[in-house]
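Protein sequence lines correspond, in order, to chains P and B.
According to the working numbering, the residues represented by the first sequence are 1 to 653, in order.
According to the working numbering, the residues represented by the second sequence are 1 to 316, in order.
The hints are simulated quantities; they were obtained by calculation from the structure and are not laboratory data.
Errors might be hidden in some of the hints.
Derived DEER-like restraints, expressed as beta-carbon distance ranges [claimed, not checked]:
| id | chain 1 | residue 1 | chain 2 | residue 2 | range |
| --- | --- | --- | --- | --- | --- |
| 1 | P | Phe136 | B | Ile181 | 29 to 39 Å |
| 2 | P | Lys129 | B | Met246 | 22 to 32 Å |
| 3 | B | Ile311 | P | Pro435 | 35 to 45 Å |
To be clear about the criterion: a stretch of chain B counts as covered by chain P if any three or more of its residues have a C-beta under 8 Å from a C-beta of chain P, and this derived list gives those stretches [said to hold, decoys possible]:
| id | region |
| --- | --- |
| 4 | 65 to 78 |
| 5 | 85 to 91 |
| 6 | 162 to 174 |
Remember, it's a predicted structure, so these values are computed and weren't measured experimentally.
Backbone N, C-alpha and C define an ideal beta-carbon position, used for all residues, glycine too.
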Amino acid sequence: MRVGVFICHCGSNIAGTVDVARVAAEARKIPGVAFATNYMYTCSEPGQDEIKAAIKRENLDRIVVAACSPRMHENTFRKTIQKAGLNKYFLEMANIREHIAWIGNDKELNTEKAIDAVSMAIAKVMQNKPLHATSFKINKRVLVIGGGVAGMQAALDCADGGLDVVLVEKSPAVGGIMARLDKTFPTIDCSICILGPKMVDVGQHEKIKLFAYSEIEEIKGYIGNYQIKIRKKATYVDWEKCTGCGLCMEKCPSKNSYDYFNFGVAPTKAINIPFPQAIPKKAKIDPNYCRQFLKGKCGVCAKICPTGAINYEMKDEIVTEEVGAIVVATGYGLLDQNILTEYGGTRYPDVISGIQYERLLNASGPTSGHIERPSDHTEPKTIVFVSCAGSRDKSIGVPYCSGFCCMYIAKQAILTKDHIPDSQSYVFYMDIRSPGKGYDEFTRRAQEEYGAQYIRGRVSKIYPKGKKMIVRGADTLLGTQVEIEADLVVLATAAIAAEGAAEMAEKLHISYDTFGFYVESHPKLRPVETNTSGVFLAGACQGPKDIPSSVGQGSAAAAKVLSLFSRDMLESDPAIAQVNTNACVGCLKCLKTCPFQAIVEDTLRSGKKVAKVIETVCAGCGVCTSTCPCGAIQLQHFTDNQLLSEVSAICQM
Amino acid sequence: MSTEKLKEIILKVLPDVDTVIGWQEGFDKIHITPFFMKSPEDAEKAVWNSLCVQNLAAYLPSLKKKTAVIVKGCDSRTIVQYMQEGLIDRSNVVIIGIPCTGVVSVKKVLKAVDYQPIEDVKFSDEKIIIKTSKGEKTLAIADVCPDKCKTCQYPTPIVYDHLAGDPIESTKPAESVYEDIKEFEKKSLEERRDYFKNEFDKCIRCYACRNACPMCVCQDSCIAETRDPHWITQKLSSEEKMMFHMIHAVHLAGRCVECGECERVCPMDIPVAKLKKKINSEMKELFDYVPGVNPEDKPPMYTFNVEEAKIKEHKL
């Protein structure tokens with residue numbers, strides 16, 4: 001065995017705090033090492049040529065590169081040695097940059113540690129086996145989870161690119177949060193007017209199969225070949241027959257149902273179509289409020305429905321779809337106002353959230369666009385907006401900025417002035433965050449042209465006094481306390497992860513951060529990919545985002561799916577679990593612990609019961625290998641012996 | 001409980017099964033050995049007394065034909081664990097349970113009579129009377145029982161098809177089970193390390209503990225003896241011995257049914273069950289799980305959950 005060792009300087013990144021020449025010299029002394037050198041930038045083209053030349057010249061068969069994290073350049077160097085004729089798994093990287101050079105300043109100690117790391121990599125590479133990828137076919141259909149603006153954009157772009165799309169939306173209509181907004185910043189164009197055509201396209205596109213009021217029950221499989229179980233929740237209305245005429249909604253006697261679409265601003269009927277532009281425009285019964293379900297008699301809708309679509313006996317239905325890639329666009333949720341006790345929680349009817357105010361402004365909202373106080377339906381004259389209601393507040397677990405609130409508050413202040421010319425808006429803010437195109441000009445316009453009073457400071461308390469709400473806060477620019485007698489208070493509640501985000505992540509095997517937002521593969525360079533290949537992210541499920549960013553990410557995710565599907569075959573990673581059937585005792589512990597259901601029971605010709613790994617399903621996580629008591633199941637490229645050789649190397653130094 | 005009642009049951013189940021596994025007298029009066037009964041004549045030779053120490057359930061996973069097995073309360077936990085792990089087909093096993101008030105540690109008895117050859121053994125009223133060439137010695141069973149009997153929670157088998165006798169309730173407090181572990185943990189890290197080093201240094205690597213363990217599934221593929229993967233060498237160093245016992249303990253995490261067979265068979269008197277008991281106490285703490293008590297339980301190490309209730313990794 002002839003190992004070649006290449007120590008990278010990474011400019012001064014590594015060479016600054018590690019004596020690279022000494023590391024190379026020490027490596028040369030290790031048995032099996034035929035060649036060791038150090039180089040300024042090993043990842044550069046001349047650096048890679050150096051490796052290729054050395055393989056030929058020195059007849060090397062295993063390569064160790066001591067440089068940065070393998071996440072950075074492992075692929076680069078694998079390709080390099082492959083071009084020189086070696087199996088690409090005959091490469092090991094020792095991470096002497098992130099793990100060593102960047103974390104300590106003591107050159108002597110760093111150098112010792114780097115020598116340890118390199119000797120481990122040498123021990124490992126000598127145990128490496130040549131591995132070969134296999135290829136498999138892909139199913140060129142895509143699942144989009146979530147029918148908000150990001151999901152719809154991804155679905156439309158994929159469908160326009162010729163792919164069959166399965167779009168699953170958990171509420172009865174697509175559109176998401178954007179469908180509930182009145183106008184959009186900074187151009188003040190009507191939200192539903194620009195979104196409506198997209199929603200219609202989604203509903204009518206021959207390549208898009210829309211499952212509204214449905215949820216993902218189970219996801220099985222792997223990139224290229226997923227089996228998805230979708231739960232079509234019971235609507236108690238046969239959507240094949242429902243024409244969306246709205247007669248049932250008109251006659252329904254149960255008038256006090258919670259209106260999810262309007263965030264409870266006003267009640268709705270137990271059978272309802274969420275909003276006039278809904279796609280699909282179909283009615284649905286809320287069994288929590290329907291008299292037929294609660295009292296067992298009523299049946300008004302069934303009698304009135306001209307097409308006989310009502311079916312009180314309807315049950316949830318599970319359908320299976322097969323796809324090759326998944327775009328996750330599950331959006332975000334809003335902080336529960338009840339947490340904000342200093343602002344009264346939800347005790348005061350005239351303290352509402354930004355999205356509720358949006359519904360009051362909206363011409364198709366419950367007040368037909370007339371701004372009214374929820375308490376006495378009078379027109380408010382003094383309106384206070386409180387930004388960062390929960391956002392940037394470590395104490396309630398939301399240390400981050402929700403991003404879009406500064407902008408929508410400015411928009412709502414402008415619209416308020418439009419609706420009620422003699423009104424006065426006050427905005428309490430911490431900082432104005434408006435870094436988009438035309439955004440800062442917009443917030444200035446709210447102040448300069450529409451006379452919104454911006455007060456830099458936080459609100460400490462909101463309490464009622466007669467018919468008014470007293471908003472007490474600080475004006476940090478004047479250095480005084482301020483109290484405003486308001487008719488209506490609007491809280492810009494923080495954007496949080498969507499309900500059930502964590503459970504969804506577990507179904508998808510993707511990671512999520514401490515706040516429940518999904519984690520992209522690389523924060524800068526792979527913003528729509530996840531670490532699970534075949535699963536892509538779009539929109540606010542990855543973090544709070546405004547409409548332009550969500551749409552951009554939706555298109556980006558679609559581009560990723562289209563480029564993935566431009567190939568007919570995919571290569572599987574050979575670094576997966578493999579069973580040594582001679583050693584396997586058939587206890588099948590591995591089968592029970594595998595998070596990917598990649599292991600099945602198999603019977604050998606001798607009748608012996610053993611475990612078997614489904615190659616394409618295995619993600620190479622290694623849970624089975626640490627579960628197997630006799631070491632019969634081994635993760636290729638990370639076998640027990642390979643890891644033990646690293647341990648031995650470091651213990652013998 | 002009389003041996004007669006047990007024989008009655010054996011004769012009743014014999015026609016339905018291939019073998020009934022029980023006990024018979026061994027080479028001397030104090031040693032009882034496992035007994036594989038095939039015929040009514042065999043059944044006549046079956047015995048039951050406080051010397052029936054072996055955990056006969058351990059044979060079950062390797063038997064293909066329908067088998068009946070006689071178990072004490074503690075042994076029945078093995079069967080429950082087998083059911084949880086899918087290692088036996090319950091419909092292929094007939095369980096004859098025996099309510100047991102405690103067995104005798106042969107090691108302790110032999111020590112008490114100074115290792116004299118045993119001429120006769122008699123039982124009377126929770127006492128054991130040993131006759132050697134030097135005379136008779138009467139020992140209270142409670143004084144010479146294995147440690148597991150002192151905190152026994154399951155004197156009556158947890159699962160059975162036939163019960164030879166009337167069920168009995170445990171009189172030992174549940175908290176007492178892990179008292180010895182808690183006591184041991186009060187020692188300093190150094191003391192504990194030295195203790196285990198000394199104890200495991202006695203190990204001759206005969207693997208009797210592993211071979212007697214009913215929950216050891218690997219049999220001839222034990223990684224203590226394989227080259228691939230090569231976790232430990234055959235060297236007789238204390239590191240290798242320690243490593244072997246650690247591996248056995250970790251392989252039993254959340255699976256050890258505390259039958260104590262490992263300690264019973266150890267020729268060097270090493271307290272090999274201690275590590276396993278410690279892990280069991282942790283399993284109870286972390287997962288509220290006790291191995292081998294409920295056939296419907298799912299062993300925590302046989303599942304994969306991203307979140308565990310008592311292990312805080314993600315905070316949401």
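Structure versus earlier hints, numbers of those that do not hold, lowest first: 1, 4, 6
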